[in-house]
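Asker: Listed below are the residues making up each chain.
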Amino acid sequence: MANREINGEGQPPVLTVNNLKTHFFTDEGTVKAVDGASFSAPAGKTVGIVGESGCGKSVTALSILRIVQKPGRIVDGEIILRRADDAEPVDLAKLDAEGGAIRAIRGGEIALVFQEPMTSFSPHYTIGNQIVETIRLHQDVGKAEARNRTIELLRMVGIPRPERRIDEYPFELSGGLRQRVMIAMALSCNPKILIADEPTTALDVTTQAQILDLLREIQARTQMSVIIITHDMGVIAEMADDVIVMYLGRVVESGPVDEIFHRAKHPYTQALLRSIPSIFAAPRSKLPTIAGSIPHPHNRPAGCPFHPRCAERMMGKCDVHIPRLRPVSRRQMASCFLYHEPDEAPIT
Amino acid sequence: MTIRSNSGAPLLEVRNLQRFFPIRRGLLRRVVGQVRAVDDISFHIDRGETLSLVGESGCGKTTTARCILRALKPTAGEVLFQTGAGEVVDTASLPKAALTPYRHQMQMIFQDPFSSLNPRMTVFDIIAEPLLASGIKNRDQRRARVENLLERVRLRPEFMQRYPHAFSGGQRQRIGIARALALNPSLIVADEPVSALDVSVQAQILNLLLDLQDELGLTYLFVAHDLSVVKHISDRVAVMYVGKIVEIAETDQLFKAPKHPYTEALLSAVPKPDPRLRSERIVLQGEVADPAHPPAGCYFHPRCAHAIDRCRSETPPLEEVLPGHRVACHRARELSLKGVDAPPSPHPQQLRTL
Ligand SMILES: Nc1ncnc2c1ncn2[C@@H]1O[C@H](COP(=O)(O)OP(=O)(O)OP(=O)(O)O)[C@@H](O)[C@H]1O
Ligand SMILES: Nc1ncnc2c1ncn2[C@@H]1O[C@H](COP(=O)(O)OP(=O)(O)OP(=O)(O)O)[C@@H](O)[C@H]1O
Ligand code: SF4
Ligand code: SF4
Ligand SMILES: [Mg+2]
Ligand SMILES: [Mg+2]
Numbered sequence: 206m207a208n209r210e211i212n213g214e215g216q217p218p219v220l221t222v223n224n225l226k227t228h229f230f231t232d233e234g235t236v237k238a239v240d241g242a243s244f245s246a247p248a249g250k251t252v253g254i255v256g257e258s259g260c261g262k263s264v265t266a267l268s269i270l271r272i273v274q275k276p277g278r279i280v281d282g283e284i285i286l287r288r289a290d291d292a293e294p295v296d297l298a299k300l301d302a303e304g305g306a307i308r309a310i311r312g313g314e315i316a317l318v319f320q321e322p323m324t325s326f327s328p329h330y331t332i333g334n335q336i337v338e339t340i341r342l343h344q345d346v347g348k349a350e351a352r353n354r355t356i357e358l359l360r361m362v363g364i365p366r367p368e369r370r371i372d373e374y375p376f377e378l379s380g381g382l383r384q385r386v387m388i389a390m391a392l393s394c395n396p397k398i399l400i401a402d403e404p405t406t407a408l409d410v411t412t413q414a415q416i417l418d419l420l421r422e423i424q425a426r427t428q429m430s431v432i433i434i435t436h437d438m439g440v441i442a443e444m445a446d447d448v449i450v451m452y453l454g455r456v457v458e459s460g461p462v463d464e465i466f467h468r469a470k471h472p473y474t475q476a477l478l479r480s481i482p483s484i485f486a487a488p489r490s491k492l493p494t495i496a497g498s499i500p501h502p503h504n505r506p507a508g509c510p511f512h513p514r515c516a517e518r519m520m521g522k523c524d525v526h527i528p529r530l531r532p533v534s535r536r537q538m539a540s541c542f543l544y545h546e547p548d549e550a551p552i553t
Numbered sequence: 319m320t321i322r323s324n325s326g327a328p329l330l331e332v333r334n335l336q337r338f339f340p341i342r343r344g345l346l347r348r349v350v351g352q353v354r355a356v357d358d359i360s361f362h363i364d365r366g367e368t369l370s371l372v373g374e375s376g377c378g379k380t381t382t383a384r385c386i387l388r389a390l391k392p393t394a395g396e397v398l399f400q401t402g403a404g405e406v407v408d409t410a411s412l413p414k415a416a417l418t419p420y421r422h423q424m425q426m427i428f429q430d431p432f433s434s435l436n437p438r439m440t441v442f443d444i445i446a447e448p449l450l451a452s453g454i455k456n457r458d459q460r461r462a463r464v465e466n467l468l469e470r471v472r473l474r475p476e477f478m479q480r481y482p483h484a485f486s487g488g489q490r491q492r493i494g495i496a497r498a499l500a501l502n503p504s505l506i507v508a509d510e511p512v513s514a515l516d517v518s519v520q521a522q523i524l525n526l527l528l529d530l531q532d533e534l535g536l537t538y539l540f541v542a543h544d545l546s547v548v549k550h551i552s553d554r555v556a557v558m559y560v561g562k563i564v565e566i567a568e569t570d571q572l573f574k575a576p577k578h579p580y581t582e583a584l585l586s587a588v589p590k591p592d593p594r595l596r597s598e599r600i601v602l603q604g605e606v607a608d609p610a611h612p613p614a615g616c617y618f619h620p621r622c623a624h625a626i627d628r629c630r631s632e633t634p635p636l637e638e639v640l641p642g643h644r645v646a647c648h649r650a651r652e653l654s655l656k657g658v659d660a661p662p663s664p665h666p667q668q669l670r671t672l
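In order, the protein sequences belong to chains A and B.
Residues in the first sequence are numbered consecutively from 206, following this note's numbering.
Residues in the second sequence are numbered consecutively from 319, following this note's numbering.
What the hints contain is simulated information worked out from the structure, not anything from laboratory work.
Since we're looking at a predicted model, the values are computed, not measured.
All C-beta atoms, glycine included, are put in the ideal place defined by N, C-alpha and C.
Worth double-checking, as some hints may not be accurate.
[Said to hold, decoys possible] Beyond 12 Å from chain B on every Cβ pair, some chain A residues (computed):
1. Val295
2. Leu300
3. Gly381
4. Ile416
5. Ala425
6. Tyr473
7. Ser483
8. Pro506
9. Arg514
10. Val525
[Said to hold, decoys possible] Each pair of labels, with its calculated beta carbon distance range:
11. B:Lys455 / A:Pro500: 36 to 42 Å
12. B:Glu465 / A:Asp296: 44 to 50 Å
13. A:Glu357 / B:Ile600: 25 to 31 Å
14. B:Phe432 / A:Ser379: 22 to 28 Å
15. B:Thr418 / A:Pro493: 40 to 46 Å
16. B:Asp627 / A:Asp345: 30 to 36 Å
17. A:Pro493 / B:Gly402: 34 to 40 Å
18. B:Ala394 / A:Ala349: 53 to 59 Å
19. A:Thr231 / B:Gly351: 48 to 54 Å
20. B:Gln459 / A:Arg531: 53 to 59 Å
Please build the complete structure, drawing on both the sequences and the hints.
Answerer: Written as structure tokens, this is what we have:
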């Protein structure tokens, strides 16, 4: 598979997502929320998934954990998790979403941190109780030991006076502290993969800097694989080793972070990078813009999903055929007809 | 209450503005303390200029904006506004009823284009509502004006009969802007006008705001937490921390050569969209002070790497350290702080890569 080569050297990735398709079958029609996403997540590395609102970032994360809500379901593709060296890899896409196997993996080998920590905690229990519960759900340890481990975890994520804070309720904590507690909870079962969906979007910049630092520090120590999902190109530039750029459910470009920022190939990636307000810009300077706006998911354009907004589009080709993700350089892929010709059959 | 102006007066001058919120507890709702949301701030905005207020959540940006529009009554201080007739009025002290003739001269653009438009009104009704309220009874006249406003914000006049749900976030924000412009205001207060928008649409709206300012000579008070956005739009920037302005200067000056340690840390914390610029960042420890219980002395001292004894007891006043550059820090003149400068090479994406 070509996309495995993106991460090149070293051991096989912990997680490989191949041609994942997750669709929502609503009354108004089918929303192809994720429509052929492929990437892999190596140990000790960070994969960044970036794109604008509605491009399918969160649904990708939910699909990996098999917590996509109805009317959505995975309709195609595989999600290969490589477990301990000797164990057989499992295809998460094929597991029963309610079954014991995925339950053990969720919150165990794969942990999730998301944007609004408040909604992921119960307001009725102390943060300590909730982390102790999680630990005991996945591991065979006594209450006292789980509590000690919780205090250690809270200390590790930089919560001051963890022996006292452990008995506080979520609403007693600031947004930044709550996000730290959420990370502590995610780390409680030593995950091999941490999926962080907009982990700092609700936070101020100085708190964001603290949380991003914390994630890097933990990764350096545990060698876990991190998948960071964000709409913020700045966060991607700071954190990611490899980047997946999504648009309307499709991966339009993928590759190492330096290639994406300095040698982007796909017109959408290029235009997106140009349109970001920059702290280096001259005051009162205009930004290059992308024409139009993201189409409504029910009115997805035919052909290349970006063609109505693309300055490079070639009519007769881009509005008819769907471009595939193909290699454009040794470690970079793009789905765009500037780099390859359409397959014979125009239909998907 | 009304002073005659000299022609050089700024469009808006805020003097020692304060707004406290009482904290009530118990059965009797007794006042047990005060949130010092805006704590004695002063600044001015010249005609045709953009001043941005930046700072982290809860530092008092929205409260300041609402006091200026008199959506909130200030606890103390003056808000001196130069009216269309060239008088200067203090909107902070005028009785509410006396404000009516000036209200249309100051308009607001909101953060959330989704909730700020009435879903049951057509675009025409939304934009024409202030026209009707101001006494334009003739429907054709209103129609012509709405058409003109839609063109100004680059929307097609045919959209007039549609309802807000038929529009994207960026288009809704344009509708909000058209409505704000309906009565030819001189001052536009924009509270986080692009923070709910997608990146690609953000750029369109920022460009539109810059164009409208040139075309109509508007004056902006721009409230935002995103420093990159602020860099693009502002002539001058004021940085707030726990209800106070800690630094105010021309945009370039503030970004290149900040004089307040908090400004330096804020600039350093902004993720730079270039992986080659990953570097040692200043990561502030701890959290923003609670505006109900601010620390003694400089409010920033518990997090400041440069704090000295004096900072723990004495509040630093906002003082001019360079022409037009005011800073509230005891050590502003001696510290040499790091700003953000142009990146080493032109950003490769600015060149076409095909
Ligand atoms: N429960 C659902 N029913 C129908 N459509 C859905 C559902 N959940 C998500 N979608 C659609 O799937 C698409 C992808 O959504 P997703 O939440 O993954 O976007 P995202 O990239 O995470 O965006 P954001 O940056 O706004 O979080 C969107 O068009 C969304 O409307
Ligand atoms: N009506 C109110 N009653 C009590 N406290 C209030 C009220 N409005 C604001 N505050 C408090 O005043 C302080 C300043 O709030 P304000 O909304 O002005 O901040 P802001 O800078 O706009 O923040 P954000 O970036 O989150 O919008 C905060 O501590 C806030 O909790
Ligand atoms: S396939 Fe065509 S429309 Fe799509 S990005 Fe490439 S050039 Fe543009
Ligand atoms: S006054 Fe002191 S504590 Fe405050 S910013 Fe200046 S050096 Fe730091
Ligand atoms: Mg999402
Ligand atoms: Mg606000």
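Asker: Hint by hint, say whether it matches the structure.
Answerer: Verification of the hints:
{"no.": "1", "hint": "Val295", "verdict": "holds, 33 Å"}
{"no.": "2", "hint": "Leu300", "verdict": "holds, 34 Å"}
{"no.": "3", "hint": "Gly381", "verdict": "violated, 6 Å"}
{"no.": "4", "hint": "Ile416", "verdict": "violated, 10 Å"}
{"no.": "5", "hint": "Ala425", "verdict": "holds, 14 Å"}
{"no.": "6", "hint": "Tyr473", "verdict": "violated, 9 Å"}
{"no.": "7", "hint": "Ser483", "verdict": "violated, 6 Å"}
{"no.": "8", "hint": "Pro506", "verdict": "holds, 15 Å"}
{"no.": "9", "hint": "Arg514", "verdict": "violated, 8 Å"}
{"no.": "10", "hint": "Val525", "verdict": "holds, 22 Å"}
{"no.": "11", "hint": "B:Lys455 / A:Pro500: 36 to 42 Å", "verdict": "holds, 40 Å"}
{"no.": "12", "hint": "B:Glu465 / A:Asp296: 44 to 50 Å", "verdict": "violated, 58 Å"}
{"no.": "13", "hint": "A:Glu357 / B:Ile600: 25 to 31 Å", "verdict": "holds, 28 Å"}
{"no.": "14", "hint": "B:Phe432 / A:Ser379: 22 to 28 Å", "verdict": "holds, 27 Å"}
{"no.": "15", "hint": "B:Thr418 / A:Pro493: 40 to 46 Å", "verdict": "holds, 43 Å"}
{"no.": "16", "hint": "B:Asp627 / A:Asp345: 30 to 36 Å", "verdict": "violated, 54 Å"}
{"no.": "17", "hint": "A:Pro493 / B:Gly402: 34 to 40 Å", "verdict": "holds, 36 Å"}
{"no.": "18", "hint": "B:Ala394 / A:Ala349: 53 to 59 Å", "verdict": "holds, 55 Å"}
{"no.": "19", "hint": "A:Thr231 / B:Gly351: 48 to 54 Å", "verdict": "holds, 50 Å"}
{"no.": "20", "hint": "B:Gln459 / A:Arg531: 53 to 59 Å", "verdict": "holds, 58 Å"}
The structure fails hints 3, 4, 6, 7, 9, 12, 16 (numbered hints given earlier, in ascending order).
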